[in-house]
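A.B. asks: Residue numbers (my numbering), protein chains in the order written: chain A, 31 to 341; chain B, 279 to 533; chain C, 38 to 326.
Rather than coming from a laboratory, the hints here were simulated on the basis of the structure. Values in this document were obtained by computation on a predicted structure and should not be read as measured data. By construction, the Cβ of each residue, glycine as well, lies at the ideal position given by its N, Cα and C atoms. Don't take each hint at face value.
[Claimed, not checked] Where chain A lies over chain C, by a calculated footprint (3+ residues, C-beta under 8 Å):
1) 125 to 135
2) 146 to 160
3) 167 to 179
4) 259 to 268
[To be verified] Listing some non-contacts, in silico: residues in chain B with all C-beta distances to chain C over 10 Å:
5) Trp342
6) Asp357
7) Ala358
8) Arg399
9) Arg435
10) Leu465
Next come the chains, spelled out residue by residue.
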Amino acid sequence: MSPAGQERGWALAILAALGLLALLPLARPREDTLNFVFLVLLSITLAEAWNIVAGYAGQVNLGHAAFFGLGALVTRALWINGTPVLLAMAAGAAVATLFALVIGVAAFRLRGAYFAIGTLALGEILRTTVGNALPEISTLPAATIAGYRLTLRYYLALALAAVSIVAVAALATSRLGLGMRAIREDEEAAEASGVGALGLKLTALALSTALAGLAGGLFAYYHISYYPAHPFGPHWTFDALLMTFIGGVGTLQGPVLGAVLYVVLKEYLALRWVDVHLLIFGALFIGIVLLLPGGLVQAVERARGMFGGRA
Amino acid sequence: MTSPTWCLARVLEISGLDAGYGDVHALSGVTLSVADGEIVALLGPNGAGKSTLLNCVAGLVRPWAGAIRWQGEDLQALDAHLVVERGVALVPEGRRLFGGMSVQDNLELGAFAPRAWGARRAALERVYALFPVLAERRRTAVQALSGGQQQMVAVGRALMASPRLLMLDEPSLGLAPRLVAAILEALVAINAAGVAVFLVEQNVPAALGLAHRGYLLEGGRIVGEGESRTLMADAHVRRAYLGPLAVRSEGGDPR
Amino acid sequence: MTVLAQQLVLGLLIGGLYGLAAAGLSLVFGVMRVLNVAHGELIMLGGYGAFWLAALFGVDPFASLALVIPGALVLGAVLYAGLFGFVVRAHEEARVKNSLLIGFGLALALHALAVRLWTADERSIPTSYSGAVLSVGNLAIPLVRLATLILALVLIGALQLLLSRWRWGKAIRATAEDWQAALLTGIDVRRAYLLAFALGTALAGAAGTLVTIAYSVSPSIGLEWTLKALIVVVLAGLGSMMGTFVGGLVLGVAEAASAATFGGPYREIIGLVIFVVVLAVRPRGLFGR
Numbered sequence: 031m032s033p034a035g036q037e038r039g040w041a042l043a044i045l046a047a048l049g050l051l052a053l054l055p056l057a058r059p060r061e062d063t064l065n066f067v068f069l070v071l072l073s074i075t076l077a078e079a080w081n082i083v084a085g086y087a088g089q090v091n092l093g094h095a096a097f098f099g100l101g102a103l104v105t106r107a108l109w110i111n112g113t114p115v116l117l118a119m120a121a122g123a124a125v126a127t128l129f130a131l132v133i134g135v136a137a138f139r140l141r142g143a144y145f146a147i148g149t150l151a152l153g154e155i156l157r158t159t160v161g162n163a164l165p166e167i168s169t170l171p172a173a174t175i176a177g178y179r180l181t182l183r184y185y186l187a188l189a190l191a192a193v194s195i196v197a198v199a200a201l202a203t204s205r206l207g208l209g210m211r212a213i214r215e216d217e218e219a220a221e222a223s224g225v226g227a228l229g230l231k232l233t234a235l236a237l238s239t240a241l242a243g244l245a246g247g248l249f250a251y252y253h254i255s256y257y258p259a260h261p262f263g264p265h266w267t268f269d270a271l272l273m274t275f276i277g278g279v280g281t282l283q284g285p286v287l288g289a290v291l292y293v294v295l296k297e298y299l300a301l302r303w304v305d306v307h308l309l310i311f312g313a314l315f316i317g318i319v320l321l322l323p324g325g326l327v328q329a330v331e332r333a334r335g336m337f338g339g340r341a
Numbered sequence: 279m280t281s282p283t284w285c286l287a288r289v290l291e292i293s294g295l296d297a298g299y300g301d302v303h304a305l306s307g308v309t310l311s312v313a314d315g316e317i318v319a320l321l322g323p324n325g326a327g328k329s330t331l332l333n334c335v336a337g338l339v340r341p342w343a344g345a346i347r348w349q350g351e352d353l354q355a356l357d358a359h360l361v362v363e364r365g366v367a368l369v370p371e372g373r374r375l376f377g378g379m380s381v382q383d384n385l386e387l388g389a390f391a392p393r394a395w396g397a398r399r400a401a402l403e404r405v406y407a408l409f410p411v412l413a414e415r416r417r418t419a420v421q422a423l424s425g426g427q428q429q430m431v432a433v434g435r436a437l438m439a440s441p442r443l444l445m446l447d448e449p450s451l452g453l454a455p456r457l458v459a460a461i462l463e464a465l466v467a468i469n470a471a472g473v474a475v476f477l478v479e480q481n482v483p484a485a486l487g488l489a490h491r492g493y494l495l496e497g498g499r500i501v502g503e504g505e506s507r508t509l510m511a512d513a514h515v516r517r518a519y520l521g522p523l524a525v526r527s528e529g530g531d532p533r
Numbered sequence: 038m039t040v041l042a043q044q045l046v047l048g049l050l051i052g053g054l055y056g057l058a059a060a061g062l063s064l065v066f067g068v069m070r071v072l073n074v075a076h077g078e079l080i081m082l083g084g085y086g087a088f089w090l091a092a093l094f095g096v097d098p099f100a101s102l103a104l105v106i107p108g109a110l111v112l113g114a115v116l117y118a119g120l121f122g123f124v125v126r127a128h129e130e131a132r133v134k135n136s137l138l139i140g141f142g143l144a145l146a147l148h149a150l151a152v153r154l155w156t157a158d159e160r161s162i163p164t165s166y167s168g169a170v171l172s173v174g175n176l177a178i179p180l181v182r183l184a185t186l187i188l189a190l191v192l193i194g195a196l197q198l199l200l201s202r203w204r205w206g207k208a209i210r211a212t213a214e215d216w217q218a219a220l221l222t223g224i225d226v227r228r229a230y231l232l233a234f235a236l237g238t239a240l241a242g243a244a245g246t247l248v249t250i251a252y253s254v255s256p257s258i259g260l261e262w263t264l265k266a267l268i269v270v271v272l273a274g275l276g277s278m279m280g281t282f283v284g285g286l287v288l289g290v291a292e293a294a295s296a297a298t299f300g301g302p303y304r305e306i307i308g309l310v311i312f313v314v315v316l317a318v319r320p321r322g323l324f325g326r
């Protein structure tokens, strides 16, 4: 099966799984369970979003959290003041994307590592500024807390995860996606064959940050109280990076696998050893970069190759 | 200048060498040799693979197939710094000096290999004797030197390794004729001291005037060889490399 | 006015440590194009080394440099041999990207390990002379911090000397300029890389010790100091250890000026802004070649 066909297959499988998960609330599960799955869904969205720039356009964007944070900031502000939440989220995503395009033009002049640390710096600037400007915790008004329904947020998370899967799948099989992959492989060669690198990179960034902004909006909708600077924290970027690489950067299913593994391991280990999951993931990550750059997806392919020979 | 090569030990023997980069097949079945104390020229147009050949011997490029034997030992799998240790030094194209460092530092580094390090003071004196202008400017950063002086440093640096075989990749490139002559004179002196020389040169008359023998490399293959007098008289060589229509330096295949 | 002057002096004092922290990162990146973003974690480890030597064995923190530096040298050699040595097999662009990722994983692991072993608490090393202050006019200069600045300068000077006089120091510089030419002169480039990485780690360890002496240490200083080092490297450019040191001083003073003018919280932002501006305008940095 061609790679495009495989990706489509995986997209359908994942969407089916999401469809099944939609039935979960009907089983009246514990709140813990819904919260856990919510976290997985949010992580999937964030990771898929990050993967668009990293896996398809080949740039390591370490400022991902900035867009997550901007989406949260704008959504929270609008929603608390009466704007319907979906509209607020759309506004949040729009602001995030606009910001991304503005800095993207400048940022993409940097190559490789400089782009990575440059975006990291930008993210940190934003975080520190927001932290200074809004040092107080943001809490929902009592009336909203009273009317809080988890299942609503859960379905929104499901929808967003589904949207991100569909978006990435559409991108991967499109002409845009092909161009992006060419850039990832060898930017100079791609330019020589007529691929407009900057335009494509900006498109990838726009899509990535729009999704991240929406995820931020979801975060603002979900949490009752948090420090406004919190969603700008670099660990959101690093989490997305880890999930994507461990799962398999540049594939549709990679970030999903990585996200599930990451959240499961984190929650499981958090009971006994806080933060040890990071030690494990750090080591796993190093192993993957050195030995298995395609992540778990590659591992699965190899295993299949050994036993099935069906590649 | 002839020498009875059949009775001298062949120190460098290349046989059936195949090499390239990625999809580019740069060398095909190259076979040649350099005998002890000889000066051998490697001629050919741009892109023929001459630099690739030298880089293979020097250990910068791994050949795909074939053998490179130096004094009976296989070189093709050795790391470049170990090749220097064995007594083969390359003056690379474009000199590749350490610009921010002084003349003396550059030269000293040439003797870095353990075998040469102990003898570096003597080697330094020899280099300064060969190129007196360098002695005067020994503390100057090499990037401040002229092209000709830089080439002297490059040659001197390779000599510091006390090599038995000195290879040069286009030493005359970009130099004024007077300086080219100076470099070539130095090579004669070096060779007289017992060092074999393997020279890649675009300046064919100069190279053949200096060398005992020569090889002709075109399109990655050896298409001709012989004593330099014979090559100079060869019709193809004359037409391609010595005639009035022959294109120098960046010209590519002159035919 | 005095308050500003006082702030600037304090900024200068920490700037020296920024310079030392950056020197190790700059050396490694300049020589082998490996961007070790776990550098800050190595600084953190150096700091903990000093802390535990003081806490468990009562070693005077300044004296512990004599133990931390060799220890860090060994750690650097081990990290190179076991990890970064594999990164240098790729060509330059892939190297930078891979080292960034691997450094990230390493930083994550080291940070988590530190939290696990020593908790997230801040630690410092109180000594009998901790509070000593030198009064110059209206300025109060904490002696301990002054000592760390001087030591940082001494260490950078020593490094500079090593690189210009020591046979392998010259080999390292040659490798940084042109590794292929270095190979052709008989230099075992992999050994040069190993030495450079070990030296870089030793500088990080020393910086960590001095940071802990002058301020404090905790697992979270890793990311903070990696960023500081990155800012200074970008500001000063590659190639000059002294230039890097001066770059550190510049950052320290800029931070102090910014904090004095705009208020405390904006101290951190100025460095990042400088970073972004220099990247955009002059990627080679102020002193870089």
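A.B. asks: Determine for every hint whether it applies to the structure shown.
C.D. replies: Hint check:
1. Under a criterion of three residues with beta carbons nearer than 8 Å to beta carbons of chain A, the stated coverage of the stretch 125 to 135 of chain C is upheld, 4 such residues being counted.
2. A count of 7 residues in the stretch 146 to 160 of chain C with a Cβ less than 8 Å from any Cβ of chain A is obtained; the coverage claim is therefore met, three being the minimum.
3. A count of 0 residues in the stretch 167 to 179 of chain C with a Cβ less than 8 Å from any Cβ of chain A is obtained; the coverage claim is therefore unmet, three being the minimum.
4. Coverage of the stretch 259 to 268 of chain C by chain A holds in this model, with 4 residues showing a Cβ closer than 8 Å to a Cβ of that chain against a need of three.
5. No Cβ of chain C comes within 10 Å of the Cβ of Trp342 of chain B; the nearest lies about 19 Å off, and the non-interface call holds.
6. Separation of Asp357 of chain B from chain C is inadequate, the least Cβ-Cβ distance of about 7 Å not exceeding the 10 Å criterion.
7. Ala358 of chain B, annotated as away from the interface, has a beta carbon of chain C within 10 Å; the closest lies near 4 Å.
8. At the 10 Å boundary, the C-beta of Arg399 of chain B stays outside the reach of chain C, the nearest C-beta of that chain being 14 Å off.
9. A beta-carbon of chain C comes within 10 Å of the beta-carbon of Arg435 of chain B; the shortest separation is about 6 Å.
10. At the 10 Å boundary, the C-beta of Leu465 of chain B stays outside the reach of chain C, the nearest C-beta of that chain being 18 Å off.
Hints 3, 6, 7, 9 from the list above are not met by this structure, while the remaining hints are.
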